[in-house]
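Just so you know, the protein sequences line up as chains U and F, in that order.
Heads up: the first sequence is residues 142 to 377, going by the numbering used here.
Heads up: the second sequence is residues 18 to 135, going by the numbering used here.
Some hints could be false.
In silico SDA-like links for lysine to any residue, alpha-carbon gap of 25 Å or less [what the hints assert, rightly or not]: (1) F/133 x U/294; (2) F/129 x F/54; (3) F/89 x U/294; (4) U/149 x F/83; (5) U/294 x U/259.
Among the chain U residues that face chain F by a calculated CB cut under 10 Å, a handful are [as the list claims (entries may be wrong)]: (6) 165; (7) 322; (8) 325; (9) 329.
Label-pair distances were calculated between CB atoms; the ranges are [said to hold, decoys possible]: (10) U/246 x F/129: 54 to 62 Å; (11) U/297 x F/111: 20 to 28 Å; (12) F/133 x U/185: 18 to 26 Å; (13) U/344 x F/78: 38 to 46 Å.
The hints are simulated quantities; they were obtained by calculation from the structure and are not laboratory data.
A virtual CB, placed ideally from N, CA and C, is assigned to each residue, including glycine.
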Amino acid sequence: MFVDLNIKGSSLENNLVMANECLGYGWNHINFSYNQNDFKQALGFKDDLLNSLDDKISFDYTLEIKSDNVNEIRKIARKFRNKSSCISVVGGDLKVNRAVLENVQIDVLSRPYLKRFEGGMNHVLAKQAVNNNVAVELCFRDVLRSYLSYRSKVISNFKDIYTLYRKFDFPLILSSGAESVFDLRTTLDFISVFKHTGLTDVEIEKSFKTSAEILEFNKNRDKMILKGVRRVDDET
Amino acid sequence: MKLKVLPPTLRKNNRYLTVDIKIDCPISKDDLVTIVWDACVRFQGETNTANFNLWVMKFYEMEKPDDYYCYKAIIRCQRDFVSDVRSSLALANKFNNSRIAITTIGLSGTIKASQKYI
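Using the sequences and the accompanying hints, generate a full structural model.
Structure representation (structure tokens):
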């Protein structure tokens with residue numbers, strides 16, 4: 142199942158165009174991401190979008206938190222936890238990276254390497270990601286939009302993260318981060334680019350599975366008492 | 018004098034990629050040739066690109082949506098390098114300061130078969 146958890150959401154019409162394009166390119170599920178200021182407004186036209194798409198492709202919303210303030214991130218995550226199927230935080234700042242990976246209420250740390258000279262992760266953060274089940278997201282757009290030495294540096298940052306991923310096996314997800322139809326690619330193109338950066342077929346497949354598992358986990362999150370303990374409806 | 022055609026065992030094995038092109042400005046087949054070569058040389062380097070045996074076989078202009086131009090093309094490459102060409106083309110994003118998106122929508126062993134994706 143090909144899942145993309147980070148397609149930049151905008152108006153209803155634009156979302157519709159992007160969703161139809163994704164459908165043609167072989168994606169099964171997409172998540173439109175909105176920041177904390179636009180998220181409520183986007184929830185307003187969710188039903189219209191659902192009706193317009195007519196079950197051709199499944200979609201949901203991701204809350205993408207952009208902030209340098211750790212306390213603010215924690216507050217926003219708590220506020221929107223029940224309203225969104227996935228909460229991701231844009232990384233790059235070391236304090237933010239650490240705070241996010243230590244927070245069980247957050248699903249994804251997006252682009253920990255952003256505006257950095259290294260991957261933005263170390264063995265300590267990798268262990269935290271495993272313990273708290275927070276996924277690390279790598280964005281296709283960062284490779285696409287950069288060129289020459291900058292592109293090499295982004296790929297080098299990816300490779301640093303792959304090394305940690307192979308040792309600690311934290312959840313890793315791949316997303317397009319597309320802002321328009323010009324950033325969308327077919328699933329096979331998407332896979333072949335990441336294969337060239339150093340991931341194997343099995344790892345790429347696992348990353349799609351991880352994305353699907355995040356969505357599945359969040360469907361039952363309110364019934365979760367502890368990790369591994371879930372309240373079930375007693376039908377007997 | 019024309020060279021004699023190589024026996025089948027010595028010929029290169031080709032694959033044909035059908036690509037979907039979206040771009041802000043109108044382009045010709047020659048522009049696409051430049052775009053394809055630039056993308057491959059940039060991502061794979063000169064020595065790797067030499068193995069690809071690249072050729073733009075066919076170029077089609079499609080119906081124009083509201084905000085961009087749409088084209089389709091059939092590009093030839095050598096059999097063992099399909100994935101390399103595919104990833105290079107996927108990473109093309111600018112041509113003459115216009116946004117461009119190239120994505121492979123079909124792959125086949127003959128030109129005739131690749132035309133069903135158009």
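### Query
What are the numbers of the hints that this structure violates, sorted from low to high?
The structure conflicts with hints 1, 3, 12, although it agrees with all the remaining ones.
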